[in-house]
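Chains S and L supply the protein sequences, listed in that same order.
My numbering puts the first residue of the first sequence at 8, with every later residue one more than the last.
My numbering puts the first residue of the second sequence at 176, with every later residue one more than the last.
It should be emphasised that the hints constitute simulated quantities derived from the structure, not laboratory data.
Keep in mind it's a predicted model, so treat the numbers as computed, not measured.
Even glycine gets a Cβ: it sits at the ideal position worked out from N, Cα and C.
Just so you know, not all the hints are guaranteed correct.
[To be verified] A few chain S positions that, by computed beta-carbon distances, are all more than 10 Å from chain L:
hint, residue
1, N69
2, L119
3, E132
4, L135
5, V142
6, A210
7, E231
8, R286
9, G288
10, G319
11, D399
12, R440
13, E472
14, E501
[Stated by the list, open to error] Pulled a few chain L residues facing chain S out of the computed Cβ check, cut under 7 Å:
hint, residue
15, Y394
16, N402
17, G409
[To be verified] Listed next, the stretches of chain S that the computed footprint assigns to chain L, with coverage defined by at least 3 CB atoms under 8 Å from CB atoms of chain L:
hint, segment
18, 346–360
19, 376–384
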Amino acid sequence: MKLELRGITKRFGAVLANDHLDITIPPGTIHAIVGENGAGKSTAMRIAYGFYTADSGEILVNDQARDIRAPRDAIALGIGMVHQHFMLVRPMTVTENIVLGAEPGSAMSLDLRKAAAGIRALSEEFRLAVDPDAVVEDLSVGQQQRVELLKALYRRAGLLILDEPTAVLTPQEVDEFFAILRRMRGQGKTVIIITHKLSEVLAISDNVTVMRDGRVVGQVKTSETDAAALARLMVGRDVLLRVDKPAAQPGATVLAVRDVTITARDGARRLDKVSFEVRAGEIVGVAGVEGNGQTELIEALAGLLPGSQVSGSMSLGGRDIRELDARRRREAGIAHVPEDRHRRGLLLDFSLWENAILGVHYRAPAVSGVGGVLLDQAAIQRRADLVIREFDVRPPNASLPARALSGGNQQKLIIGREFELPPALLLISQPTRGVDIGAIEFIHRKIVALRDSGCAVLLVSAELEEVTALADRLLVLHNGRVAGEVDPSRATHEEIGLLMTGGRA
Amino acid sequence: MKVLRDLLFPSMAVLCAFLAGALIVALVGDSPVETYRLLLGSAFSWPDGIGYTLFFATPLIFTGLAVAVALRGGLLNIGAEGQLYVAAFATAWIGITFANLPAVVLVPLCCVAAIAAGAVWGAIPGLLKARFGSHEVINTIMLNFVAVALVGYLTQYHYRMPGDPIMETTPIGSGAHIPRLGAFIPGLPARIPLNIAFLLALLSCWLVYVLLWKTKWGYEIRATGQNPAAAEYGGVSIRKEVVLTMAISGALAGMVGINEVLGYRYRYYDGFSDNYGFTGIAVALLGRNHPFGVVVAALLFAVLQRGGVPVDAFTQLVSKDIVLILQALVILFVAAEAAFRRGGRG
Chain S
8 MKLELRGITK RFGAVLANDH LDITIPPGTI HAIVGENGAG KSTAMRIAYG
58 FYTADSGEIL VNDQARDIRA PRDAIALGIG MVHQHFMLVR PMTVTENIVL
108 GAEPGSAMSL DLRKAAAGIR ALSEEFRLAV DPDAVVEDLS VGQQQRVELL
158 KALYRRAGLL ILDEPTAVLT PQEVDEFFAI LRRMRGQGKT VIIITHKLSE
208 VLAISDNVTV MRDGRVVGQV KTSETDAAAL ARLMVGRDVL LRVDKPAAQP
258 GATVLAVRDV TITARDGARR LDKVSFEVRA GEIVGVAGVE GNGQTELIEA
308 LAGLLPGSQV SGSMSLGGRD IRELDARRRR EAGIAHVPED RHRRGLLLDF
358 SLWENAILGV HYRAPAVSGV GGVLLDQAAI QRRADLVIRE FDVRPPNASL
408 PARALSGGNQ QKLIIGREFE LPPALLLISQ PTRGVDIGAI EFIHRKIVAL
458 RDSGCAVLLV SAELEEVTAL ADRLLVLHNG RVAGEVDPSR ATHEEIGLLM
508 TGGRA
Chain L
176 MKVLRDLLFP SMAVLCAFLA GALIVALVGD SPVETYRLLL GSAFSWPDGI
226 GYTLFFATPL IFTGLAVAVA LRGGLLNIGA EGQLYVAAFA TAWIGITFAN
276 LPAVVLVPLC CVAAIAAGAV WGAIPGLLKA RFGSHEVINT IMLNFVAVAL
326 VGYLTQYHYR MPGDPIMETT PIGSGAHIPR LGAFIPGLPA RIPLNIAFLL
376 ALLSCWLVYV LLWKTKWGYE IRATGQNPAA AEYGGVSIRK EVVLTMAISG
426 ALAGMVGINE VLGYRYRYYD GFSDNYGFTG IAVALLGRNH PFGVVVAALL
476 FAVLQRGGVP VDAFTQLVSK DIVLILQALV ILFVAAEAAF RRGGRG
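All chains should be modelled from the sequences, with the hints used to inform the complete structure.
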């Protein structure tokens, strides 16, 4: 199936999300659309799928102009889309999910048995192994993704749009997933994959469209390009893809964690007797598929979990921190860049200057006057300006609400705030999630600089590239346990991937 | 620019409400122009119109502030009604019990009683939420009933003047009276109950503004209201904030007791509140949860309240219920506007 966008323009208020886009996707190919956050790639695909209507321009399917006003129209034309966040009804079975909206049988009866047989045939054809009778919430993330693919195939999609499909997968699952995509191509399907991971673009796609600032800045054959060239197109300048870092000079132990076990309110063990140390001047990375205890580990160290859920010992510079609340821990020198900046890290409707003091808002220099109650506007402004300047937050206007910033700039604001404490220990989770390449490079350099100034860093990231590039030592978490420790400069992604999924290296 | 927009939207909501109200009046068969002339005109005559309008606005400023502070802290206080009843009774109780104390002691003591009683009554649902996670909306509503029943009981069986057919307490000591503004303003007769509690209400607005935006306590209250997970991350104790915010909210609602008992009736009069606590929710909404907006919104609602009587008396068909309808329409349009803005962003 051939898809063509011609002169597509879409405006959201003052933002021009798509500016006269011309994209041609040849039939039977895997086509990657890359670009930084906000480049307009998701918007373009949502227009093709009928989620949004373009302000101007036309969509051609198999060389015929088509009016796609709702996803229903796109589905009828044979266009399917799998979203980054799966749209599955978790308590329902695979079959029920797949037929939802296209139920077989008459209005009064639902012929699920026939549907299940059809799904089985499809999953054999594309070797998408899923049990049609399984309940979705019991499935792994990789399996849920297969359900999404089946859902589209069941609706006879000839063209599939996949939005950041690998973000949630382990390295092994990614390989398997790519094999599935190749089989689909082999069956004559067209696949569009939206991503920002250049290595995957090079591994799987036939053609690449690069977008920047709502425009197409390049359409090339994958075989005729490389990562550096694509990155340059995406960012508009040369980008350092590797982290340049000198060897670590570890000093005294800063953080010592012994037999820490975390039991959630529902009784489930999130972390099981985890022990490790982080020394001054080193970055200890934590790799693992999301949901294997990383979140809980960081929250426990930051003092954000109820004490009753945490057992074992945690000490900072030899001092027991178990009894300290979040405020006292920050005072003790623990900075925390949370994994979810919108949920934890920012007050989105507050100004940048108000966000720049979160966590230190109650003490000098943020307060002055009678009993240290009144906020000292001048001192806060100075601190906010310092963070904005040192961490290149744009636009550099402290009175803007945090909501007005792009993800990368929000992240730089948080990182700046935490780095300026200054910390003895930095807990940093997903430092570059949803951050564009230019800012990633900047954030990585700042983390290494902080390490070299003698700070102990505990880094959690779902991006294997990122943890292996930054960490001096790498712990792999699986199922709440430390599955192994590896030297990130030597271990291959396959070895780490095996540990992540519970196999042995 | 932002200030202008903040003013524009509520003004539009009010305008739309009045247009819709005009339609209703016309449908009923009266002249909208004449009705609105009666409704609005009577509020601006001197001295009665202005005097009474400001007097009516006083409790609404207090309850509007109470709801606004709670909402800034992420809490919906529907219990201002109960809080002001308990506070008014406590004020009267101190005024009766220590009737012989001199004014310099008794007035501050009564004020403290009003504030403290309101704060305690407000803090109870706060504590319940912090300790057990029970929702403040349910508990504040329930405590309204408890409050009304409690003060009714105390009035009926313990503090009522023997032989008095009205449900009211014995009078408070004359030392507890606070002056009416007529004492200071030439041309404003002393029979108009507008008293210095009105000035206290304005002062409270300014204090709430300073508290919320200029102090670390206000920062923590607002941070908790905006994003409790982020506030917690910033070292704020959410449980403490919930109790503190509800106590401040209750204290503000409780200050209605100062206006009512010390400045108006000089006794506790059962059932005195004309739904001040509930109207406070509308006042806070229309005033965008900002203390200065609350003053403007309270004045608008007071104008409507004042205008209800002449509408009742001088129109053929429309009754003073048009006031309630207009209030409801204002709330509807304010809410619709909020939805409109949310939709516009997404």
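Hint check results:
No Cβ of chain L approaches the Cβ of N69 (chain S) within 10 Å, the least distance being about 33 Å, so the stated non-interface status holds. Listed as a non-interface residue, L119 (chain S) keeps its Cβ farther than 10 Å from every Cβ of chain L; the least gap is roughly 35 Å. With a minimum CB-CB distance of about 39 Å to chain L, E132 (chain S) clears the 10 Å threshold, and the non-interface call stands. With a least CB separation of 34 Å from chain L, L135 (chain S) remains clear of the 10 Å interface cut-off, as annotated.
Consistency note on V142 (chain S): stated as away from chain L, and its beta-carbon is indeed over 10 Å from all of that chain's, at 30 Å minimum. With a cut of 10 Å on Cβ distances, A210 (chain S) stays outside the contact zone with chain L, its closest approach being about 35 Å. With a closest Cβ-Cβ approach of about 40 Å to chain L, E231 (chain S) is found to remain outside the 10 Å limit, as its non-interface label requires. In this structure R286 (chain S) is separated from chain L by more than 10 Å, as the shortest Cβ-Cβ distance comes to about 26 Å.
Here G288 (chain S) stays apart from chain L, with its beta-carbon at least about 26 Å from theirs, past the 10 Å limit. With 10 Å as the threshold on Cβ separation, the claim that G319 (chain S) sits away from chain L holds: the shortest Cβ distance comes to roughly 22 Å. For D399 (chain S), the condition that its CB be more than 10 Å from all CB atoms of chain L holds, with the nearest at approximately 23 Å. Distance to chain L confirms R440 (chain S) as a non-interface residue, since its nearest Cβ pair spans about 17 Å, more than 10 Å.
Distance check on E472 (chain S): its Cβ is at least 27 Å (rounded) from any Cβ of chain L, clearing the 10 Å threshold; non-interface status holds. Its beta-carbon lying about 36 Å from the closest one in chain L, E501 (chain S) satisfies the requirement of being farther than 10 Å from that chain. The beta carbon of Y394 (chain L) comes within 5 Å of a beta carbon in chain S, closer than 7 Å, and the hint placing it at the interface holds. This hint holds: N402 (chain L) has a C-beta 5 Å from the nearest C-beta of chain S, less than the 7 Å allowed.
At a threshold of 7 Å, the smallest CB-CB gap from G409 (chain L) to chain S is about 4 Å, leaving the interface hint in force. Residue count for the segment 346–360 of chain S with a Cβ under 8 Å from a Cβ of chain L: 8. That meets the three needed, and the coverage hint holds. Counting residues of the segment 376–384 of chain S whose C-beta lies closer than 8 Å to any C-beta of chain L gives 4; at least three are required, and the coverage claim holds.
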